[in-house]
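A.B. asks: Spelled out, the chains give:
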Amino acid sequence: MMSEQNSWIIAWCNSISFLSEIPGWAHALLALISTYCLVIVPSGALMVYLDRKISADLQARVGPNRAGPAGILQPLADLLKLLQKEATKESSWRQNVWLSVHTMALYSTLAVMPLGSMALLVDTEMSAFIPFWSALVLALGTMLLGLSQDSVPGWFGGIRVAAQTLAGSFPALIALLCVGVRAGNFRWSILANCQDFSPWSWTFLSNPFQFIAFIVFVMSGLVLLAIPPLDGGVSMSDIHGGVSSHLFGRRLSLFRFGRFFGFFFWSIIAVVLFLGAWKLPLQVSEGLRAQEAFRFLATIELIWLLAKTFFLMLFITWVARVNPRSRVDQITDFAWKVLSPFSLAALVGASICAGWKAFL
Amino acid sequence: MDKNALVSRLNKIIPGGVLETRRFGRSENTSIWIEAQAVQKIAMALKMDTEMKLDWLENLSVVEFEKVFIVTYFLRSLITRHSLVIRASAVPVSPGSEFLFPSVRNIWPMGLPMEEEAEEMFGIVFSLNNETQFQVKVNRLPENWKGFPLRKDYVFPSQFEDITHSRSFNKSNQKKSSL
Amino acid sequence: MTIISSEPVRADLTLWEIGPYHSSLPAPMRLKLRLDGEIIAQCEVETGYLHRGLEKACELHPWRAAIAYMDHLDPEVAIFGELVLCLAVEEIGEIIVPPRAQRIRIILAELSRISAHLVFMVRMAKAVGSETIVHYLLRDRERILDLFELVAGARFSLNFLRFGGVSADITDGFIERVLDVCDLIRIRIKEYNDIFTFNYGFLKRSSFVGKIDPILVKSSGMTGPNARASGISFDVRKDMPYIGYDQFDFEIPLGRGEGGIVGDAHDRFLLRLREITQSMELLKQVSDHVPIGEFQNEKIDKEYIVPPGEAYARIESSRGLLGCHVVSDGSPCPSRIQLRTPSVANLLAIPQFVSGIRIEDLPVVLASLDLGIAEADR
Amino acid sequence: MRISVFSNIASYIRSVFRGAWSIAESCTTAFPYILRWGELRKEITEGYPDPVSSKTADDLPPRSRGLLFNDIDRCTGCKECEKICPAQCIRVEEEPGANNSKIWVSVYDVDFSRCIFCGLCVEVCQPASLVHTRQYEGAAYHLTDLIASFGRGQITAEQRASWAALRQMSESDEVTL
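Protein chains in written order, with the working numbering: chain G, 1 to 360; chain C, 1 to 179; chain S, 1 to 378; chain H, 1 to 177.
Next up, chain G with everything else stripped away, as it sits in the complex (with noise of 0.2 Å):
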């Protein structure tokens, strides 16, 4: 399975001697932790420290300016910070329950994260809908964490990110096989190609009901991981925050990353599925890969891929900044009332454009 589409990081362990012998799982193994290491963590650093300067224009104020030179190092230092907390209280085993639930959730994704033409660890026919199983389990842990305290925040926090997990991932599910009837796969790579690089030929323009479907599966995504401005599951004030109102320090910090982690994959997938993947301009891909330079066009398929999703995610923060925050009965509401119907509209419309297509 794993033998074609992990060719980037065989590529870059042929370079290294010593590393140029392991076996395969080795080579999985280490795709996996050098993803996680130098795509998603530093990712999660730099969208942070983006979050925080560009509210902090839109808000008419300086933001972080202390760590390093324009608070460059803001993400580093806040994760210090959140390291070095004392425990308040000893840690019950439903919490450590959650946070095995947790971790699952956010390592089992990486696997099936498309980064590039050459970066498909796992690419099945199936692979698209991979990452709803990893958002549901991510949300499920976010509920039992809620439900491991004692305390009414967390109570209502872990029974409403549950309502909204519910209600979100309808039209997010609608909405993907839109992408599908288009594409005729669910398969990363065939969702991919049936895009270019030019705007005008990405699947969210292609006709008018992808385009609802490109908003409803953005939207939905928010809903279902509870991002902002969708947030209302975990951050209303009135339970102070709900399923994180009584962690601390490091399992604070595991929880923060598990939702940057959700907002982020949404997001790679989103760019995948209806903003040209990791499509270059002039045949750049095929002329690179004739000439064999896999981890030269690994890297920049990479690059392209993350600055749309980066643009994409503060797009979302743009919004969620200056909008209030919405109830969460006016959340499930807006999923199955607004967006489900929606959805549907838009296979609807979706499918009868695929058919006609043919018939052409």
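Among the clues, some could well be false.
[As the list claims (entries may be wrong)] Label pairs and their in silico Cβ distance ranges:
{"hint": "1", "chain 1": "H", "residue 1": "Q88", "chain 2": "C", "residue 2": "T80", "range": "46 to 54 Å"}
{"hint": "2", "chain 1": "C", "residue 1": "T80", "chain 2": "H", "residue 2": "T45", "range": "48 to 56 Å"}
{"hint": "3", "chain 1": "C", "residue 1": "S27", "chain 2": "H", "residue 2": "R167", "range": "23 to 31 Å"}
{"hint": "4", "chain 1": "G", "residue 1": "L360", "chain 2": "H", "residue 2": "T45", "range": "22 to 30 Å"}
{"hint": "5", "chain 1": "S", "residue 1": "R177", "chain 2": "C", "residue 2": "E28", "range": "34 to 42 Å"}
{"hint": "6", "chain 1": "G", "residue 1": "Q84", "chain 2": "C", "residue 2": "P142", "range": "51 to 59 Å"}
{"hint": "7", "chain 1": "G", "residue 1": "L173", "chain 2": "S", "residue 2": "E251", "range": "51 to 59 Å"}
[Stated by the list, open to error] Derived pair list, reagent style DSSO-like, types lysine-lysine, alpha-carbon separation capped at 27 Å:
{"hint": "8", "chain 1": "S", "residue 1": "K126", "chain 2": "G", "residue 2": "K53"}
{"hint": "9", "chain 1": "H", "residue 1": "K102", "chain 2": "S", "residue 2": "K190"}
{"hint": "10", "chain 1": "H", "residue 1": "K102", "chain 2": "C", "residue 2": "K152"}
{"hint": "11", "chain 1": "H", "residue 1": "K42", "chain 2": "S", "residue 2": "K126"}
{"hint": "12", "chain 1": "H", "residue 1": "K42", "chain 2": "S", "residue 2": "K302"}
{"hint": "13", "chain 1": "S", "residue 1": "K238", "chain 2": "C", "residue 2": "K53"}
{"hint": "14", "chain 1": "H", "residue 1": "K83", "chain 2": "S", "residue 2": "K56"}
{"hint": "15", "chain 1": "C", "residue 1": "K3", "chain 2": "S", "residue 2": "K238"}
{"hint": "16", "chain 1": "C", "residue 1": "K47", "chain 2": "C", "residue 2": "K12"}
{"hint": "17", "chain 1": "G", "residue 1": "K308", "chain 2": "G", "residue 2": "K53"}
{"hint": "18", "chain 1": "H", "residue 1": "K83", "chain 2": "S", "residue 2": "K299"}
{"hint": "19", "chain 1": "C", "residue 1": "K53", "chain 2": "S", "residue 2": "K218"}
{"hint": "20", "chain 1": "S", "residue 1": "K302", "chain 2": "H", "residue 2": "K102"}
{"hint": "21", "chain 1": "C", "residue 1": "K146", "chain 2": "S", "residue 2": "K302"}
{"hint": "22", "chain 1": "G", "residue 1": "K53", "chain 2": "H", "residue 2": "K42"}
{"hint": "23", "chain 1": "S", "residue 1": "K302", "chain 2": "C", "residue 2": "K67"}
{"hint": "24", "chain 1": "S", "residue 1": "K302", "chain 2": "C", "residue 2": "K3"}
{"hint": "25", "chain 1": "S", "residue 1": "K218", "chain 2": "C", "residue 2": "K47"}
[Stated by the list, open to error] Coverage of chain S stretches by chain H, computed from C-beta distances (three or more under 8 Å per stretch; other residues unrestricted):
{"hint": "26", "region": "67-73"}
{"hint": "27", "region": "79-93"}
{"hint": "28", "region": "189-198"}
These are calculated hints, taken from the structure and not from any lab test. Backbone N, C-alpha and C fix where the C-beta goes; we use that ideal spot for every residue, glycine too.
Given the structure of chain G, go ahead and fit chains C, S and H onto it with the hints provided.
C.D. replies: Below, chains C, S and H without anything else, positioned relative to chain G:
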């Protein structure tokens, strides 16, 4: 607005309730001094009065003046825009002790917080049915605070070490339910 | 003050105690909620956590120091506390305040009202989780605080009014700066409206939420913007004019129920927004009529002793009717200063109208009441 | 409170678009702040303390009330400030000085941890020795650091005796004159 007519009307309903009529301070307002035991009846009469319709207890002020406690009710009508000041005085049985005073919280519900504050600060127990029950609710002061701070003969404690700073919600609630 | 609604307690309800310090509370207070699911079935309010013994402290200090204490009655809007004490003392001593001082007082009071309403909008924005508008509002309130600093030397605790006038004359160009600030805020209000007031999310959060009935307003004695949003037209500035409010032409806005129904949280928000506009209108009128002359009654010097007597003064603070009953026995210190503060009535009304709303709306409802616990507890 | 969107398709579509439009309007209103477009959007919070903000002590308004300073040479030790202070943060101790016109202010402490900067003490100060400076940075690590002492210090018993003698001498001089 004819204050004399009002006083005569009040005298008709509650004979001997009104003691005298005076200017309030240097203002235009009239203040009516009434008998302390007749406060509830006069309050009801003023609220029901067809001409005045004093439906709003704007303020309840307690002043200690030469060891006499003067309770002043600033009344106002939202319908007729009339205003009136009625006052009654009371003297504690022994200095430093609580004493009873008729409450008007069933006539003007907005008087409840003001009466509770006066209870705590002056040791005047506002009661609805004149029952002897010297239980002052503690809300502002610490639970084991001694004395009534706004009285003139109040002496500040020399040391604050034994005074608790925490209050349990349930405890104050129990006191409430006992009343 | 402990307020308990009269309905019997059901055993199957979730008990949740909030406070005294909680992110959804505007100030230290304690709520004991009985929840039916996420709906509040019963609510108890307990306050008293900010009691500082202000009335006693005033009795222990000279008359002039009492003004400094009245600054801290409600630290956000210090001028109203000073003003009500000065009015009461001036009534006792029959002090004539020069017209210039009257106008300066009106200017400061209306500026305070604007700044208090801006802070109210900040609280509202925080309650619904809108972060950006908070910074814009606080930035513009800073302009008003700059004006206070220019005229009084402090930003919050002004200690500027004196019996019989004000402590210092306004500086040159102050009135022009006031008008500049008014123009600036008038431009900004359009921005606030675009970002926040007419935002659909905010409308959904605040309209139809926490409706206060006019009957409840009357029975609890609520005054100020909260009462006016429910349709009770009562404003001390109109009904019992003081410091020359009757010489100016301004309107008292009433709740119209544009977002939802009359008397809901959004109505209270809109009403305060309109009051800001009215205050700026008033400031514009006052600034044309600041006469030249003395700013302090010359008879009132540092050795002034308030004669024996008593008086009761009322003003319209940003939260409602603020009353002050002052008794003097001719000694250097006040004999009694009793305060009637508007937030007490608002607190009294809370348990009677929050039952039936969702707990997610509780922060919005509490913020829309503009509770000043500092002045309620004193 | 609930969005009753299914009651009418048209109103449903209208409310969805109204919501989307208002949110888009909110976002576009705030967007120029990112790029600092226009005069009204240039103003941002000032950095403090590093870099020291554009407002220095000299930029403060003329009446601003900073930390107190007492010029002890002009102070007469009349204790008016101590009497009026609402926070009771001023402590004055004085003794008769070397001659009758001069009073030795041995202790003049201002406890800035209690001071509320109301300015009443400066107002009552007859010789105008007590003034508000423009200094506003008063943070300290210990409470005791916040007590500013302006007094001349306690005098010894010998000094007290010698000054009493001096006073008597000047008194007798006056009598003789």
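A.B. asks: Between the region 189-198 of chain S and chain H, see if three or more residues pass the 8 Å beta-carbon test, and mark the coverage as holds or violated.
C.D. replies: holds (count 5)
A.B. asks: For the pair we were handed, K302 of chain S and K102 of chain H, check the Cα-Cα distance against 27 Å.
C.D. replies: 24 Å, holds
A.B. asks: Could you grab the alpha-carbon distance between K3 of chain C and K238 of chain S and see if it respects the 27 Å cut-off?
C.D. replies: 24 Å, holds
A.B. asks: Would you mind confirming whether the straight-line C-alpha gap from K53 of chain G to K42 of chain H stays at or under 27 Å?
C.D. replies: 16 Å, holds
A.B. asks: Do the alpha carbons of K53 of chain C and K218 of chain S lie within 27 Å of each other, as the hint requires?
C.D. replies: Between K53 of chain C and K218 of chain S the Cα gap is close to 13 Å, so the pair holds against 27 Å.
A.B. asks: For K302 of chain S and K3 of chain C, compute the direct alpha-carbon distance and say whether it is at most 27 Å.
C.D. replies: 40 Å, violated
A.B. asks: For a C-alpha distance cap of 27 Å, please report whether K83 of chain H and K299 of chain S respect it.
C.D. replies: With a Cα-Cα distance of about 22 Å, the restraint between K83 of chain H and K299 of chain S holds, given a limit of 27 Å.
A.B. asks: Assess, step by step, whether the Cα of K146 of chain C is no farther than 27 Å from the Cα of K302 of chain S, and give holds or violated.
C.D. replies: It is violated: about 37 Å lies between the C-alpha atoms, which goes past 27 Å.
A.B. asks: Between R177 of chain S and E28 of chain C, does the C-beta distance stay in 34 to 42 Å?
C.D. replies: 38 Å, holds
A.B. asks: Take a quick look at whether K42 of chain H and K126 of chain S sit within 27 Å of each other, Cα to Cα.
C.D. replies: 24 Å, holds
A.B. asks: According to a criterion of three or more residues whose C-beta lies within less than 8 Å of a C-beta of chain H, is the region 79-93 of chain S covered?
C.D. replies: violated (count 0)
A.B. asks: Given a hinted range of 51 to 59 Å, is it respected by the beta-carbon distance of Q84 of chain G and P142 of chain C?
C.D. replies: 37 Å, violated
Hints 3, 4, 6, 9, 10, 12, 21, 23, 24, 27, counting from the list given before, are not met by this structure.
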